[in-house]
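So you can see what is in the structure, the chains are spelled out below.
Protein chains: 2
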Amino acid sequence: MSLDALLEGIARTQNPTVAGLDPKLDFIPAFIKECAFAQYGETLEGAAAAILEYNKGLIDALCEIVPAVKPQAAYYEMYGTEGVKVLYETQKYAREKGMYVITDGKRNDIGTTMEAYAVAHLGKVKVGSKEYCPFLGDALTVNGYLGTDGIKPLIQVCNEYDKGIFVLAKTSNPSSGELQDKLIDGMPVYEMMGRMCENWGKELMGKYGYSGVGIVAGATYPEQIAELRAKLPETFFLIPGYGAQGASAKDISAAFDKNGLGGIVNSSRGIMCAYKKEGCDEKDYAGAAYREAVRMRDEIMSFVGEIKLPN
Amino acid sequence: MSLDALLEGIARTQNPTVAGLDPKLDFIPAFIKECAFAQYGETLEGAAAAILEYNKGLIDALCEIVPAVKPQAAYYEMYGTEGVKVLYETQKYAREKGMYVITDGKRNDIGTTMEAYAVAHLGKVKVGSKEYCPFLGDALTVNGYLGTDGIKPLIQVCNEYDKGIFVLAKTSNPSSGELQDKLIDGMPVYEMMGRMCENWGKELMGKYGYSGVGIVAGATYPEQIAELRAKLPETFFLIPGYGAQGASAKDISAAFDKNGLGGIVNSSRGIMCAYKKEGCDEKDYAGAAYREAVRMRDEIMSFVGEIKLPN
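For the protein sequence lines, the chains are X and V, in the order given. Reminder that position 54 of the first sequence reads as 394 in this note's numbering, one-by-one numbering, no gaps. Reminder that position 70 of the second sequence reads as 410 in this note's numbering, one-by-one numbering, no gaps.
Be a bit skeptical, because a hint or two may be false.
Since the list can't tell identical chains apart, any single copy or any two copies may satisfy a pair.
Okay, derived cross-link-like pairs now, DSS-like style, lysine-lysine, Cα gap no bigger than 25 Å in a straight line [stated by the list, open to error]:
1) Lys590 <-> Lys648
2) Lys571 <-> Lys617
3) Lys437 <-> Lys542
4) Lys648 <-> Lys547
5) Lys466 <-> Lys396
6) Lys396 <-> Lys432
Hints are computed from structural coordinates only; laboratory data are not their basis.
Sequences and hints are given; from them, build the entire structure.
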């Protein structure tokens, strides 16, 4: 699905948020782990089974009201090849439920190697006369430190398969400024990266005014979000840092344009671990995730107003 | 194994090179693919079986004379979860043969997510009361765009498990300068990144004068290599770009110190596809890889001289 499909999902649900799926075992209710370990033992297979069960419960609860999921590759790789299988199964399940899938892998390399990542996460690979989807992302997060050589192969694959990317510009962490805020000819690195994205995006324009080359812009830096929104009118924002990392809905409001489009706000732990914060029965973890997703949507929409797709 | 173990391997073999394992199906001799497809069909399983067979042949041929391998994660992810299994199996096989394993993943993220990548590729993960190695790298390439928050979790895991990282500083590609050569307060970004690595490395010093926080410095930029060697005396270099990307042994010579230490030079396609260039029987692909590895070693050693571990 192209980035346009994500915008349509956001408009349909009137909800510019994405549920991050970062399934550490610590986040998963004990009853799910016990059941998985009873079947597979305390093994990587057992961990993987628990994660998949947990993710499916979350996706079932959220798919009607949240337009997208963002599985974070690190948490699947952490459980080895069994975990990576669950990344695939999670992507597949979320797609079947109509959700847009942003694979958060922050991949980066050059030339044919970047092409391999693009094929892996957004395209199809040829094996003899057959073709397969290695993974099932609709978009992939990437790191632009290597410049155009690292991005062009992605654009090609995105064009061929109708996919998108989000390039790190201003990340949400405290030390993001060590490099990203530094000035190059008077312009901060994050802005320079953003402008490169706006430029790369010309080759991947969608029908609602935003290109398939988005950026990552952390909610924890509201001034930079406002500045980037003004300077990058065709660039869509993936916005981490809401909730657990301390940013509020107001901090994010500048990301949105007059149609209520322009960004999608991620919450991972806030939604996944809502049952812990709420203190409800852990068997109701998916219900708690739903309630937190509604609360987050309502809070953000109070600043966004109505979301309309432009003609 | 710590970075010290890599230096010991380099001294033992008198060979400061690493064989990149970037197994595109196109690189693999037809007889291996035919055999794998006969057993598994033209499937991802078939592709994975062919890649593993090919890699094992290369490792068998190289393990006595080349101290390290560098599997590039992208080429394994390109064949889906079956491919990722082969990444693990390749790492395992190379280790059994005494080779140092550099996982080329260019991973990057922050806080607990970066910790998950560190655990995935360099550490052990807890599942209930048990512990497992998700993957089997001795070192991991990483991208430092996110600053210290993205590196500290790695240092911790490296200290705990005696591992190393290589952070992208000056990459070998033509567009690497778009960001990396830009000046910040008069200092190019690649140097600033290198200095951050030299500083992060203080927490991971080895016994031969180099820390476990290395950098990636492309052979295609010999002046920058010389400059970085002078400015970063405790930082070890992983050097891509030799051969297929156009750099010569002379271009790289400035990376080495008076003991012949200081860097390790990668060749991927040059070694993997030596049988194509040589025009030999493809069944002798491993022999051709061996001959190319010897040629490359001799060419580089003609500039390095003898390699000695300092007392």
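>> One pair to classify: lysine 396 and lysine 432, alpha carbons no more than 25 Å apart. Within, between, both, or neither?
In response: Intra 10 Å, inter 32 Å, cutoff 25 Å: intra-copy only.
> Is the C-alpha distance from lysine 466 to lysine 396 at most 25 Å within one copy, between copies, in both cases, or in neither?
Replying inline: between (30 Å within a copy, 22 Å between copies)
> Between copies, within a copy, both or neither: which fits lysine 590 and lysine 648 at Cα up to 25 Å?
Replying inline: within (20 Å within a copy, 60 Å between copies)
>> As a check of your reading, is lysine 571 near lysine 617 (CA-CA no more than 25 Å) within one copy, between copies, both or neither?
In response: neither (38 Å within a copy, 50 Å between copies)
>> When Cα atoms must be at most 25 Å apart, do lysine 648 and lysine 547 count as within-copy, between-copy, both, or neither?
In response: Within. Shortest intra-copy distance 13 Å satisfies the 25 Å Cα cut-off; inter-copy 62 Å does not.
> Can you tell me if lysine 437 and lysine 542 fall within 25 Å by alpha carbon in one copy, between copies, both or neither?
Replying inline: Result: close neither inside a copy nor across copies, 31 Å intra and 49 Å inter.
Hint compliance for this structure: hints 2, 3 are not met, and every other hint is.
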